[in-house]
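Here are the chains, one letter per residue:
Protein chains: 2
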Amino acid sequence: MTGSAYDALHARFNRLGTIEEALAILSWDYATMMPKGGANARGEQMSVLQVIAHQQLTAPDLEDLFGRAAMEGGRDVWAEANLAAMNRQWRKAIAVPADLVAALAKATLECEMIWRQARPDNDYPAVRPALSELLNLTLQAGQAKADAFGLGLYDALLDDYEPGGRSAHIDTLFAELAGFLPDLINTAIEHQAKEPAPIQPQGPFPIVRQRELADRMMRALGFDFGHGRLDVSAHPFSGGIPDDVRITTRYEEGLFSRSLMGVLHETGHALYEQGLPAAWRRQPVGVARGMSMHESQSLMVEMQACRSAEFMQFLAPVAREVFGGEGAAWEPENLHRLETRVRRGLIRVDADEVTYPAHVVLRYRLERAIIQGELGLDDLPGAWRDGMKELVGSVPETDREGCLQDIHWYSGSWGYFPTYTLGAMTAAQLFDAAKRAVPSIPGDLAKGDFSNLLGWLRTHIHGRASSVPGEVIVKEATGAPLGTSVFRQHLERRYLGRT
Amino acid sequence: MTGSAYDALHARFNRLGTIEEALAILSWDYATMMPKGGANARGEQMSVLQVIAHQQLTAPDLEDLFGRAAMEGGRDVWAEANLAAMNRQWRKAIAVPADLVAALAKATLECEMIWRQARPDNDYPAVRPALSELLNLTLQAGQAKADAFGLGLYDALLDDYEPGGRSAHIDTLFAELAGFLPDLINTAIEHQAKEPAPIQPQGPFPIVRQRELADRMMRALGFDFGHGRLDVSAHPFSGGIPDDVRITTRYEEGLFSRSLMGVLHETGHALYEQGLPAAWRRQPVGVARGMSMHESQSLMVEMQACRSAEFMQFLAPVAREVFGGEGAAWEPENLHRLETRVRRGLIRVDADEVTYPAHVVLRYRLERAIIQGELGLDDLPGAWRDGMKELVGSVPETDREGCLQDIHWYSGSWGYFPTYTLGAMTAAQLFDAAKRAVPSIPGDLAKGDFSNLLGWLRTHIHGRASSVPGEVIVKEATGAPLGTSVFRQHLERRYLGRT
Numbered sequence: 001m002t003g004s005a006y007d008a009l010h011a012r013f014n015r016l017g018t019i020e021e022a023l024a025i026l027s028w029d030y031a032t033m034m035p036k037g038g039a040n041a042r043g044e045q046m047s048v049l050q051v052i053a054h055q056q057l058t059a060p061d062l063e064d065l066f067g068r069a070a071m072e073g074g075r076d077v078w079a080e081a082n083l084a085a086m087n088r089q090w091r092k093a094i095a096v097p098a099d100l101v102a103a104l105a106k107a108t109l110e111c112e113m114i115w116r117q118a119r120p121d122n123d124y125p126a127v128r129p130a131l132s133e134l135l136n137l138t139l140q141a142g143q144a145k146a147d148a149f150g151l152g153l154y155d156a157l158l159d160d161y162e163p164g165g166r167s168a169h170i171d172t173l174f175a176e177l178a179g180f181l182p183d184l185i186n187t188a189i190e191h192q193a194k195e196p197a198p199i200q201p202q203g204p205f206p207i208v209r210q211r212e213l214a215d216r217m218m219r220a221l222g223f224d225f226g227h228g229r230l231d232v233s234a235h236p237f238s239g240g241i242p243d244d245v246r247i248t249t250r251y252e253e254g255l256f257s258r259s260l261m262g263v264l265h266e267t268g269h270a271l272y273e274q275g276l277p278a279a280w281r282r283q284p285v286g287v288a289r290g291m292s293m294h295e296s297q298s299l300m301v302e303m304q305a306c307r308s309a310e311f312m313q314f315l316a317p318v319a320r321e322v323f324g325g326e327g328a329a330w331e332p333e334n335l336h337r338l339e340t341r342v343r344r345g346l347i348r349v350d351a352d353e354v355t356y357p358a359h360v361v362l363r364y365r366l367e368r369a370i371i372q373g374e375l376g377l378d379d380l381p382g383a384w385r386d387g388m389k390e391l392v393g394s395v396p397e398t399d400r401e402g403c404l405q406d407i408h409w410y411s412g413s414w415g416y417f418p419t420y421t422l423g424a425m426t427a428a429q430l431f432d433a434a435k436r437a438v439p440s441i442p443g444d445l446a447k448g449d450f451s452n453l454l455g456w457l458r459t460h461i462h463g464r465a466s467s468v469p470g471e472v473i474v475k476e477a478t479g480a481p482l483g484t485s486v487f488r489q490h491l492e493r494r495y496l497g498r499t
Numbered sequence: 001m002t003g004s005a006y007d008a009l010h011a012r013f014n015r016l017g018t019i020e021e022a023l024a025i026l027s028w029d030y031a032t033m034m035p036k037g038g039a040n041a042r043g044e045q046m047s048v049l050q051v052i053a054h055q056q057l058t059a060p061d062l063e064d065l066f067g068r069a070a071m072e073g074g075r076d077v078w079a080e081a082n083l084a085a086m087n088r089q090w091r092k093a094i095a096v097p098a099d100l101v102a103a104l105a106k107a108t109l110e111c112e113m114i115w116r117q118a119r120p121d122n123d124y125p126a127v128r129p130a131l132s133e134l135l136n137l138t139l140q141a142g143q144a145k146a147d148a149f150g151l152g153l154y155d156a157l158l159d160d161y162e163p164g165g166r167s168a169h170i171d172t173l174f175a176e177l178a179g180f181l182p183d184l185i186n187t188a189i190e191h192q193a194k195e196p197a198p199i200q201p202q203g204p205f206p207i208v209r210q211r212e213l214a215d216r217m218m219r220a221l222g223f224d225f226g227h228g229r230l231d232v233s234a235h236p237f238s239g240g241i242p243d244d245v246r247i248t249t250r251y252e253e254g255l256f257s258r259s260l261m262g263v264l265h266e267t268g269h270a271l272y273e274q275g276l277p278a279a280w281r282r283q284p285v286g287v288a289r290g291m292s293m294h295e296s297q298s299l300m301v302e303m304q305a306c307r308s309a310e311f312m313q314f315l316a317p318v319a320r321e322v323f324g325g326e327g328a329a330w331e332p333e334n335l336h337r338l339e340t341r342v343r344r345g346l347i348r349v350d351a352d353e354v355t356y357p358a359h360v361v362l363r364y365r366l367e368r369a370i371i372q373g374e375l376g377l378d379d380l381p382g383a384w385r386d387g388m389k390e391l392v393g394s395v396p397e398t399d400r401e402g403c404l405q406d407i408h409w410y411s412g413s414w415g416y417f418p419t420y421t422l423g424a425m426t427a428a429q430l431f432d433a434a435k436r437a438v439p440s441i442p443g444d445l446a447k448g449d450f451s452n453l454l455g456w457l458r459t460h461i462h463g464r465a466s467s468v469p470g471e472v473i474v475k476e477a478t479g480a481p482l483g484t485s486v487f488r489q490h491l492e493r494r495y496l497g498r499t
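Sequences listed follow chains A and B, in order. The first sequence: position 178 = 178 (this note's numbering), numbered continuously. The second sequence: position 448 = 448 (this note's numbering), numbered continuously.
Because the hints were derived from the structure by calculation, they are not lab data. A couple of the hints might just be wrong.
To be verified - Calculated lysine to any residue pairs in the SDA-like style (CA-CA distance at most 20 angstroms, straight line):
hint	chain 1	residue 1	chain 2	residue 2
1	A	K194	A	A328
2	B	K36	A	G222
3	B	K36	A	F225
4	B	K36	A	R229
5	B	K36	A	K389
6	B	K447	B	A278
7	A	K36	A	A24
8	B	K447	B	A279
9	A	K92	A	Q143
10	A	K475	A	W78
11	B	K92	B	Q140
12	B	K36	A	K475
13	A	K447	A	R219
14	B	K475	B	H460
15	B	K36	A	L375
16	A	K36	B	A11
17	B	K92	B	A126
18	B	K145	B	F66
19	B	K36	A	A278
20	A	K36	B	A279
21	A	K447	A	L213
22	A	K106	A	R166
23	A	K475	A	R458
24	B	K194	B	L338
25	B	K36	A	D215
26	A	K36	A	V232
27	A	K36	B	D224
28	B	K36	A	H227
29	A	K36	B	G222
30	A	K106	A	K194
31	A	K36	B	P317
32	A	K92	A	D76
33	A	K447	A	G463
34	B	K36	A	L49
35	B	K36	A	R219
36	A	K36	B	Q140
37	A	K36	B	D215
38	A	K36	B	F225
39	B	K36	A	K36
40	A	K106	B	D224
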């Protein structure tokens, strides 16, 4: 198809994807390596590359290329899906006027900066005007996309994180969660109170040893250090590019498990990126299928596989050896109890597997209500407290531990939150399907052998990239559309001891 | 001057400079952090950004902007120099046809790749065809620039590294060097043979301790860690950007001085970058004034200041403390003798201060002869051996230790070599002037106090950036044009004990 309009688009999106790759590395460096004095220059570098990327995506001749490509034949299904994904990305980009894009970028920077001070100051009123301005611009951009695609306003925002996701479906799923979670949290806490209290292994755990343990676990999971790194940053993340995945963690000398579980989580993200098809690098069809699928891969590794009783059989002796630990605290059963402890916490990022979805349901409800104009920003702190009481059973005394805790809204990410819990549900459903397909998986994990699990994920998830909608991937991999029942069963088995 | 053509150019070059900054960080990451598997993607990223930068610099409307800016008044001397430097950069870029730029980039990659294997294989014939092709394209591009600027061919190539540099002047200076260096090398070796033989401190020197020593020395020199880092790479370099300078070293457990002296050298480069005027970031007038001035700053720190007997008074006790050393090897006088030892080596990068310029004179002679068509590439290995015999007094038995040792020609850098020794001469002349202006400097160095020296450099070199020609900077800072006499005096004092 040399010389075709599709080929020309392929080259354009390759260039666009390459600029985005450069941005990903610069962003990683910003968070891990850059001295403070480099921040202003880095801001300029990233802003200029973002402008250039936007110019590539809104070049005037793309309309003609898309028109001609639509008339061409002979594309296979991947190329067809790629063309559709390119077209979608382009239509989104041209839907939002350039001056709105610029205003949004500026308002995001300002609001985020004010939030960084307002959170430690516990001063929601200080950031409320900037949040209001940012929300207003976000809704304008969302409405422009909603109009272009015939979507509702929330769905247009959601679509940036969850392509093809619909709030009507999330409403149903989250109503089910809200129906059983508060009881399940109560029962799990009561159930665990009757078990032996877990014993915390005593440190210090030298950082160099923690790094060694992380390295060994990452290798066991199948992380390819020829195409990635592990470093340190204030807020752990998975970044970089599929050929060079950069994950980070943060070490505390007094507690090794928080960093370790974080590393396992980010490794799940990284394995997805490393498993994307090399033939479609930098093309829209070749990227991961949205945030909920991404989160399903991190939670598959962290929650489903690595907090299982089986995995603890493998982890416990290795960790004991690395740290020179002794005694009952290092028994697999104890580590398992420690790493599956349910608590009515106030902070989402510290939440356990059972309360976490309740945190997310709250945020989803609130952002839906705000976006639909049913809840004003002045009423957010109170609505937060009410929702926490209902869903988690604990109430924050400060906004710092309440509606100021998460960066998302203050950086313009409205419509992101539900993907965390959609990911958790997807992970449960995929892990269940993988075990049905390969019954040896739990036993494999007890030996630290992830090859069967990873192989299944490579075939059913990673290798498919964005070639079909996420719901098709889930249905074909598990035999059923995404629902809450397998997730609920998983929670009841692990936290209530039901089999 | 809002809305002026000059302002528009300023904005264009700001964007161009920002892209170049992004490239600098990506290039640093490539050499320090990137896993091997990221190389292909990184190559694409850098190539795309280079193409975009070239498009910025050759945009069709620049000609009109330069025409209009020439008619505008009211610019101060810096803005005037900036406009001239922009114009020069633009004329250079448009002088070379786009297809030649592309062919040159391709030939450079190929030749460099073949050289990377040919050097360890000691196989000059294997790389000669690729070198011939690359040279041919380099000369075509050089001729295009020579025609555009009315320069000779060698001077057009030199100009990329040494703006305004002229081979007629270098011919004179290097003829003087060639006149006294062979004798000086002989006499220095004889002189040192009569002194006590230096004692090598015995390791191992743990890398973490070497890093600590490097850190302490960099801080003493005035390196700002809020705007820079020290890392590890296979080939040490100074990279990054003025607001975020990234220098590197390579540690050997058995020998601390090689890494330390390298760090001091790169710190000299870094201090220059950190001292450039912040008001002119990313503008052509705000960058360092060519490679010889840059090398003068690294050699000022490494050779003039830090290999002095005075500095060793400061270094010796600190190094002894860091490594827990004992005995005569750690006496300042012994370390000074060790770090100023003259040897007839074969390898430029390992050469001492006295033989180094002889290596450079040889390379300059050879590249001049090749470029002028007086020496064919087939005759290069023999001419190399003859020149080594004459200038250094030692002859390589293999091309690996001969004409294959340096990457420069094999990566298309013809006209670069003389800047090393112009830098060494400049460093000697500047250090002499600084000591005349601030007589306490030698005593300061013995106490590890670099503030007076750095202050003098900030005023006379760093802060001037590219606002005037390099020869003006040297003349105004030292009271005389660049010559060989102060350099010769310095060598005779240090290596022959003449006062």
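- If you check each hint against the structure, which ones fail? 5, 6, 8, 12, 15, 16, 17, 22, 30, 31, 32, 33, 34, 36, 39 and 40
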